[in-house]
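Here's the letter readout for the chains.
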Amino acid sequence: MPSSPHKKDTPEPKNTLSEKEKIKHQEFQNEAVGHINALYNYALHLTMNPDDAHDLVQETYLKAYKFFDSFEKGTNCKAWLFKILKNNYINKFRKNAREPGKVDYDLIKDFYHSIKDTQSDSDDLNAGYLRSLMHDEVYQALNSLPEEFKEVIQLCDIEGFTYEEIANMVESPIGTVRSRLYRGRKLLRSRLNEFAKKHGYNTDDEEAP
Amino acid sequence: MEVSFSRTRNTYELISTMNCTQARTLMSAAVDGELTLKEQEGFEQHIAGCSTCFSEFKEAQKTKSIIREKIIRFKAPQSLINSVLKLTETTF
Ligand SMILES: [Zn+2]
Chain C
1 MPSSPHKKDT PEPKNTLSEK EKIKHQEFQN EAVGHINALY NYALHLTMNP
51 DDAHDLVQET YLKAYKFFDS FEKGTNCKAW LFKILKNNYI NKFRKNAREP
101 GKVDYDLIKD FYHSIKDTQS DSDDLNAGYL RSLMHDEVYQ ALNSLPEEFK
151 EVIQLCDIEG FTYEEIANMV ESPIGTVRSR LYRGRKLLRS RLNEFAKKHG
201 YNTDDEEAP
Chain Z
1001 MEVSFSRTRN TYELISTMNC TQARTLMSAA VDGELTLKEQ EGFEQHIAGC
1051 STCFSEFKEA QKTKSIIREK IIRFKAPQSL INSVLKLTET TF
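Chains C and Z are the protein sequences, given in the same order.
Residue 27 in our numbering is what sits at position 27 of the first sequence, and the numbering runs on without skipping anything.
Every number in our numbering is 1000 more than the matching position in the second sequence, counting from 1.
Since the hints were derived computationally from the structure, they do not count as laboratory data.
Just so it is clear, the structure is predicted and the values come from calculations on it, not from any experiment.
Here a beta-carbon is modelled for each residue, glycine too, at the ideal position from N, C-alpha and C.
Some clues are possibly wrong.
[As the list claims (entries may be wrong)] Computed from the model, here is a short list of chain Z residues facing chain C with C-beta under 8 Å:
1) Leu1037
2) Lys1075
3) Lys1086
[Unchecked claim] Calculated lysine-lysine pairs in the DSS-like style (CA-CA distance at most 27 Å, straight line):
4) C:Lys24 x Z:Lys1062
5) C:Lys197 x Z:Lys1062
6) Z:Lys1070 x C:Lys186
7) Z:Lys1086 x C:Lys86
8) C:Lys63 x Z:Lys1075
9) Z:Lys1086 x C:Lys78
10) Z:Lys1070 x C:Lys24
11) C:Lys22 x C:Lys92
12) C:Lys66 x C:Lys24
13) Z:Lys1038 x C:Lys83
14) C:Lys198 x Z:Lys1038
15) Z:Lys1064 x C:Lys22
16) Z:Lys1075 x C:Lys92
17) C:Lys66 x C:Lys78
18) C:Lys197 x Z:Lys1038
19) Z:Lys1086 x C:Lys186
20) C:Lys150 x Z:Lys1062
21) C:Lys86 x Z:Lys1070
22) C:Lys83 x Z:Lys1075
23) C:Lys197 x Z:Lys1058
24) Z:Lys1086 x C:Lys22
25) Z:Lys1070 x C:Lys197
26) C:Lys197 x Z:Lys1086
27) C:Lys186 x Z:Lys1064
28) Z:Lys1086 x C:Lys73
29) Z:Lys1086 x C:Lys66
30) Z:Lys1075 x C:Lys86
31) Z:Lys1062 x C:Lys198
32) Z:Lys1070 x C:Lys150
33) C:Lys198 x Z:Lys1075
34) C:Lys86 x Z:Lys1058
35) C:Lys150 x C:Lys63
36) C:Lys66 x Z:Lys1075
37) Z:Lys1038 x C:Lys78
38) Z:Lys1058 x C:Lys150
Build out the structure end to end from the sequences listed, making use of the hints.
Right under this line is the structure:
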């Protein structure tokens, strides 16, 4: 290899590299870590389990950091992170469903126990809230929907993504997103009405006879 | 679609022929503010004259607002935040 005249010493490129890494690190913290609450919520909805949600979010950030260079600046970082999380969830879920024996549950348990020991307060609090959420009727109604409907309602109504972003996340055309939202909300409405009737409420969408 | 008359001179004529099936296709996008200006006009015209689609639209709006109000949002546990911060500090 012919040596280039302007590259006299080796530490210089090393320094620029680490400087680059520093900038990347800073950008990542500014852009990505701020969405951690939204990601955790989404993971909770998907997994229905605080430990799994914790795990999923952690893996998502690890992957996101590795591939942060491929993130298009100026686009929605939250949408990008959600997509990574969703893909991660699908891969994990499929893997576990296929080879349940190969998952090292003890290792996972130990890992979470070590976290819980130091953060028992906040973790207990979260589990408690989750339990009460499970009894929440709106949450129940939402969860009773078929996955394809539940998903678009979550992404649209809870997370506030645009149709274009949702279409990209669920890998379907915008027209499909539209019709899933339409049918999902209709179904959700009827489930909510069932709860209301159980409480003796007249469902308010019906005008006087 | 019965909008394909060759005589249509402007969008209003085209839009005014929107039927219930077409309105339902646009229903969710109307709730979420995702309609184009043209679609919005046509949709509004339709529900102004169709009580079935009007009440369906109102119901869909209500359903969305119930979800937004009633679904509890959690904060990520501090342990998770810490481990994510640590993760991105040590991976390079
Ligand atoms: Zn109609």
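Hint check:
{"no.": "1", "hint": "Leu1037", "result": "16 Å, violated"}
{"no.": "2", "hint": "Lys1075", "result": "5 Å, holds"}
{"no.": "3", "hint": "Lys1086", "result": "10 Å, violated"}
{"no.": "4", "hint": "C:Lys24 x Z:Lys1062", "result": "43 Å, violated"}
{"no.": "5", "hint": "C:Lys197 x Z:Lys1062", "result": "17 Å, holds"}
{"no.": "6", "hint": "Z:Lys1070 x C:Lys186", "result": "17 Å, holds"}
{"no.": "7", "hint": "Z:Lys1086 x C:Lys86", "result": "23 Å, holds"}
{"no.": "8", "hint": "C:Lys63 x Z:Lys1075", "result": "21 Å, holds"}
{"no.": "9", "hint": "Z:Lys1086 x C:Lys78", "result": "20 Å, holds"}
{"no.": "10", "hint": "Z:Lys1070 x C:Lys24", "result": "38 Å, violated"}
{"no.": "11", "hint": "C:Lys22 x C:Lys92", "result": "31 Å, violated"}
{"no.": "12", "hint": "C:Lys66 x C:Lys24", "result": "10 Å, holds"}
{"no.": "13", "hint": "Z:Lys1038 x C:Lys83", "result": "31 Å, violated"}
{"no.": "14", "hint": "C:Lys198 x Z:Lys1038", "result": "42 Å, violated"}
{"no.": "15", "hint": "Z:Lys1064 x C:Lys22", "result": "42 Å, violated"}
{"no.": "16", "hint": "Z:Lys1075 x C:Lys92", "result": "23 Å, holds"}
{"no.": "17", "hint": "C:Lys66 x C:Lys78", "result": "16 Å, holds"}
{"no.": "18", "hint": "C:Lys197 x Z:Lys1038", "result": "39 Å, violated"}
{"no.": "19", "hint": "Z:Lys1086 x C:Lys186", "result": "44 Å, violated"}
{"no.": "20", "hint": "C:Lys150 x Z:Lys1062", "result": "17 Å, holds"}
{"no.": "21", "hint": "C:Lys86 x Z:Lys1070", "result": "24 Å, holds"}
{"no.": "22", "hint": "C:Lys83 x Z:Lys1075", "result": "20 Å, holds"}
{"no.": "23", "hint": "C:Lys197 x Z:Lys1058", "result": "19 Å, holds"}
{"no.": "24", "hint": "Z:Lys1086 x C:Lys22", "result": "14 Å, holds"}
{"no.": "25", "hint": "Z:Lys1070 x C:Lys197", "result": "18 Å, holds"}
{"no.": "26", "hint": "C:Lys197 x Z:Lys1086", "result": "50 Å, violated"}
{"no.": "27", "hint": "C:Lys186 x Z:Lys1064", "result": "10 Å, holds"}
{"no.": "28", "hint": "Z:Lys1086 x C:Lys73", "result": "24 Å, holds"}
{"no.": "29", "hint": "Z:Lys1086 x C:Lys66", "result": "14 Å, holds"}
{"no.": "30", "hint": "Z:Lys1075 x C:Lys86", "result": "19 Å, holds"}
{"no.": "31", "hint": "Z:Lys1062 x C:Lys198", "result": "19 Å, holds"}
{"no.": "32", "hint": "Z:Lys1070 x C:Lys150", "result": "15 Å, holds"}
{"no.": "33", "hint": "C:Lys198 x Z:Lys1075", "result": "32 Å, violated"}
{"no.": "34", "hint": "C:Lys86 x Z:Lys1058", "result": "32 Å, violated"}
{"no.": "35", "hint": "C:Lys150 x C:Lys63", "result": "26 Å, holds"}
{"no.": "36", "hint": "C:Lys66 x Z:Lys1075", "result": "25 Å, holds"}
{"no.": "37", "hint": "Z:Lys1038 x C:Lys78", "result": "30 Å, violated"}
{"no.": "38", "hint": "Z:Lys1058 x C:Lys150", "result": "20 Å, holds"}
Checked against the numbered hints listed earlier, the structure breaks hints 1, 3, 4, 10, 11, 13, 14, 15, 18, 19, 26, 33, 34 and 37; every other hint is satisfied.
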